[in-house]
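The task is simple: from the sequences and hints, build the whole structure.
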Amino acid sequence: MKIAFIHPDLGIGGAERFTVDAAIGLQQLGHNVIIYTNHCDRSHCFEEIKKGILGVNVYGDKIPRKIFGKLSVFCAIIRQLYLSLRLFFKIEKYDVIIMDVLPISIPLLRWKCLKIVFYCHFPDQLLAKRSNMLRRIYRIPFDNIEKMTILMADKVLVNSYYTESVVRRTFLYMKDLSVLYPSINISEKENGVEKPLLVIKRYKGNSHLHYILSINRFERKKNIDLAIKAYSQLKKDSNFNKCCLIIAGGYESRIKENVEYHNELVELCNNFSFISKTFMKPYEFPLDFSGYNVVFLLSIPTDLKNHLLQNATILLYTPPYEHFGIVPLEAMFHETIVLAQDNGGPLETIDNGVTGWLKKSNENEWAKVLRNVLFEMNDNQRIQMGKRCKQKVISCFSREKMAKTLELHIKTTKRYYKYDFIYLSIIFFILIFSIYFLKNGIEFLGINRVASSL
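Take 1 as the starting number for the sequence shown in full-length UniProt numbering and just add one per residue.
These are calculated hints, taken from the structure and not from any lab test.
One thing to keep in mind: the hints can contain errors.
[As the list claims (entries may be wrong)] The calculated DMTMM-like cross-link candidates involving lysine to aspartate or glutamate, where the alpha carbons are at most 20 Å apart (straight line), are: (1) K411 <-> D41; (2) K175 <-> E164; (3) K404 <-> D176; (4) K277 <-> E252; (5) K387 <-> D351; (6) K2 <-> E92; (7) K390 <-> E407; (8) K147 <-> D176; (9) K229 <-> E264; (10) K235 <-> E267; (11) K221 <-> E252; (12) K147 <-> E164; (13) K360 <-> E348; (14) K360 <-> D176.
In structure tokens:
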């Protein structure tokens with residue numbers, strides 16, 4: 001089959017990881033796969049993209065992401081419509097187009113393929129801020145566009161049963177809905193050989209330093225400060241100086257929140273009198289962590305990420321109500337115990353007390369688990385729990401299993417014939433209305449006042 005993926009920004013994150021894994025998995029099953037995206041920075045993407053394992057076409061990158069620092073959803077829609085129009089006027093057609101994040105161009109792209117599959121990580125309208133009346137009015141056309149266009153997909157897949165329950169409450173007429181868990185590439189991790197220069201100096205020569213690891217994008221919603229606050233409660237333990245909290249993850253200097261949140265976390269460390277250090281690209285090995293209580297690693301390469309996952313004693317996964325959460329699976333495959341919040345996706349991936357722990361967002365509760373894992377459990381107990389972690393991932397979350405399940409969904413999905421031209425007309429009418437509203441709102445209220453409110 002000829003298969004096209006459409007994803008807005010092919011950076012580093014859970015949604016991008018799914019796109020890459022699904023594309024490679026289907027490609028390994030013998031399908032002809034290509035990815036279309038609005039943006040792909042070869043210095044900030046997954047290794048499979050850097051190495052050219054997948055074909056990637058970029059359209060619409062010159063269209064701004066925001067106007068006056070605002071109107072991001074409006075710009076995202078324009079960027080995707082432009083990409084879709086470029087794809088629409090290409091000669092070749094596809095057997096299936098797989099989309100995620102934005103369903104706006106589904107009615108247009110239905111003319112370019114036999115089937116459209118939409119993968120819903122989470123309803124976009126539930127992620128949007130609505131802090132004032134103007135912002136709520138601004139969101140009305142976009143929320144309705146999402147509700148109508150997602151229903152035009154021939155098949156809708158979601159990343160967890162938690163997300164499924166949310167999608168069904170949000171899109172009341174959703175019928176053909178199935179869960180497809182994201183995956184990790186087990187074969188590559190099993191066959192991978194660690195680079196000899198990828199060495200991290202430990203605590204003053206002591207080989208028993210405990211790495212406490214957190215891997216997330218530097219965004220406030222990831223709740224990384226919970227890890228620092230829980231860690232601070234271990235300061236009175238006699239073995240505290242043999243521990244190091246490593247906070248790693250996606251970071252882009254062009255993203256204001258990344259910069260601000262990293263600075264806030266550093267300041268929080270200072271408030272607890274922690275000695276901290278920030279490392280960033282280009283990384284020069286060996287990295288020296290000795291003497292630091294907290295280490296920040298910004299935009300880590302895959303090799304370093306795997307090294308950390310292999311050597312960490314425990315992973316702290318702090319986001320609340322995470323839609324799925326791929327990092328806990330990566331840690332579990334490396335036989336690393338996971339502590340996560342007792343809500344959202346981790347409820348489906350972590351067996352409480354068996355492969356890790358699920359706790360409420362309470363620093364005291366998290367500190368108790370940390371103290372137990374680091375100072376009370378013996379090596380054999382940690383090893384046995386780690387083995388259970390790996391077995392869980394192998395049996396339930398391999399890339400091969402995900403790709404075969406996705407392929408089965410594609411083959412069994414039938415084209416759902418709807419009145420495309422009617423829906424298309426309605427959608428573009430709403431889009432034109434939203435543009436008209438914005439134009440007149442800007443003229444009426446003054447461009448700076450409106451922009452600062454949205």
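Hints violated by the structure (numbers, ascending): 1, 7 and 14
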